[in-house]
Amino acid sequence: MYVFVQLLITVPSYFQLIVGLLLILAELEAREYHHRGRKQKRSITEKNKLCVHLELPQRETNPKYSWNVEDINLRSLSPWNYSKSYKKNRTPQMLWNATCSREHCLGHRFNSVPIVHYTQVLYRHGKHLYLSTEPLVVGCTCVEPRRILQKRSVSM
Numbered sequence: 003m004y005v006f007v008q009l010l011i012t013v014p015s016y017f018q019l020i021v022g023l024l025l026i027l028a029e030l031e032a033r034e035y036h037h038r039g040r041k042q043k044r045s046i047t048e049k050n051k052l053c054v055h056l057e058l059p060q061r062e063t064n065p066k067y068s069w070n071v072e073d074i075n076l077r078s079l080s081p082w083n084y085s086k087s088y089k090k091n092r093t094p095q096m097l098w099n100a101t102c103s104r105e106h107c108l109g110h111r112f113n114s115v116p117i118v119h120y121t122q123v124l125y126r127h128g129k130h131l132y133l134s135t136e137p138l139v140v141g142c143t144c145v146e147p148r149r150i151l152q153k154r155s156v157s158m
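If you read the sequence shown in this note's numbering, its first letter stands for residue 3, the second for the next number, and so on.
Note that these hints are calculated values from the structure, not bench results. Where is the CB? At the ideal position from N, CA and C, for every residue including glycine. Check before you lean on any hint, since a few could be wrong.
Said to hold, decoys possible - Result set (SDA-like, lysine to any residue): computed pairs, CA atoms no more than 25 Å apart in a straight line: (1) Lys90 to Leu138; (2) Lys86 to Ser134; (3) Lys89 to Pro137; (4) Lys129 to Met96; (5) Lys90 to Leu131; (6) Lys86 to Asn75; (7) Lys86 to His106; (8) Lys90 to Glu136; (9) Lys89 to His130; (10) Lys129 to Thr93; (11) Lys86 to His127; (12) Lys86 to Arg111.
Said to hold, decoys possible - Using C-beta positions, here's what the derived DEER-type ranges look like: (13) Thr135 to Thr101: 14 to 24 Å; (14) Val145 to Tyr84: 18 to 28 Å; (15) Glu72 to Val21: 30 to 40 Å; (16) Ile150 to Gln95: 41 to 51 Å; (17) Met96 to Ile117: 16 to 26 Å; (18) Ile150 to Leu108: 19 to 29 Å; (19) Lys86 to Leu108: 38 to 48 Å; (20) Tyr132 to Arg154: 48 to 58 Å; (21) Gln95 to Lys153: 46 to 56 Å; (22) Glu72 to His119: 18 to 28 Å.
Whole structure, please, built from the sequences with the hints as guidance.
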């Protein structure tokens, strides 16, 4: 149980918190079953399942309203726009992906590249939820162009 709590403290992700809590509940349920002293017949599939009623708040995760600064994406040297990604069987259903507006930054000396954050989401398939990781572009930044070094041929 200590390992789960340590995981939750070091990785503060909303969905990892939920998964950690589910693991703790499974551990507590297993201990309670062990301490009852009664051995009930269960099938192998029932032993490995834990059903928990889970309600997640449906909130609009619009990045425009996540900060007090509304136009940070337009004031950047590497501007970007947001687009909605909606999937009915995913929690959260609405995600906002950033798309770089330009290939180069405003000074044309640097390239504009996306900043990718891998976020965990839950997918519903029938009555079951599955944890999945999805790439989410959260903004864009300026980087120096890659330089390819060529070897000089020495001729004598």
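Okay, the hints, checked on the actual structure:
1. Lys90 to Leu138: holds (17 Å)
2. Lys86 to Ser134: holds (19 Å)
3. Lys89 to Pro137: Distance ~15 Å between Lys89 and Pro137 Cα, so the pair holds.
4. Lys129 to Met96: holds (20 Å)
5. Lys90 to Leu131: holds (13 Å)
6. Lys86 to Asn75: Measuring from Cα to Cα gives roughly 15 Å; hence the hint holds.
7. Lys86 to His106: holds (24 Å)
8. Lys90 to Glu136: Given pair Lys90, Glu136 holds - Cα atoms ~15 Å apart, limit 25 Å.
9. Lys89 to His130: Satisfied, since the Cα-Cα distance of roughly 16 Å is no more than 25 Å.
10. Lys129 to Thr93: With a Cα-Cα distance of about 14 Å, the restraint between Lys129 and Thr93 holds, given a limit of 25 Å.
11. Lys86 to His127: Satisfied, since the Cα-Cα distance of roughly 22 Å is no more than 25 Å.
12. Lys86 to Arg111: violated (30 Å)
13. Thr135 to Thr101: 14 to 24 Å: holds (20 Å)
14. Val145 to Tyr84: 18 to 28 Å: With a Cβ separation near 21 Å, Val145 and Tyr84 satisfy 18 to 28 Å, so the hint holds.
15. Glu72 to Val21: 30 to 40 Å: holds (33 Å)
16. Ile150 to Gln95: 41 to 51 Å: Since the Cβ atoms of Ile150 and Gln95 sit about 43 Å apart, the hinted range of 41 to 51 Å holds.
17. Met96 to Ile117: 16 to 26 Å: Given range 16 to 26 Å: holds, Cβ gap about 20 Å.
18. Ile150 to Leu108: 19 to 29 Å: holds (25 Å)
19. Lys86 to Leu108: 38 to 48 Å: At 26 Å between Cβs, range violated.
20. Tyr132 to Arg154: 48 to 58 Å: holds (55 Å)
21. Gln95 to Lys153: 46 to 56 Å: Since the Cβ atoms of Gln95 and Lys153 sit about 53 Å apart, the hinted range of 46 to 56 Å holds.
22. Glu72 to His119: 18 to 28 Å: holds (20 Å)
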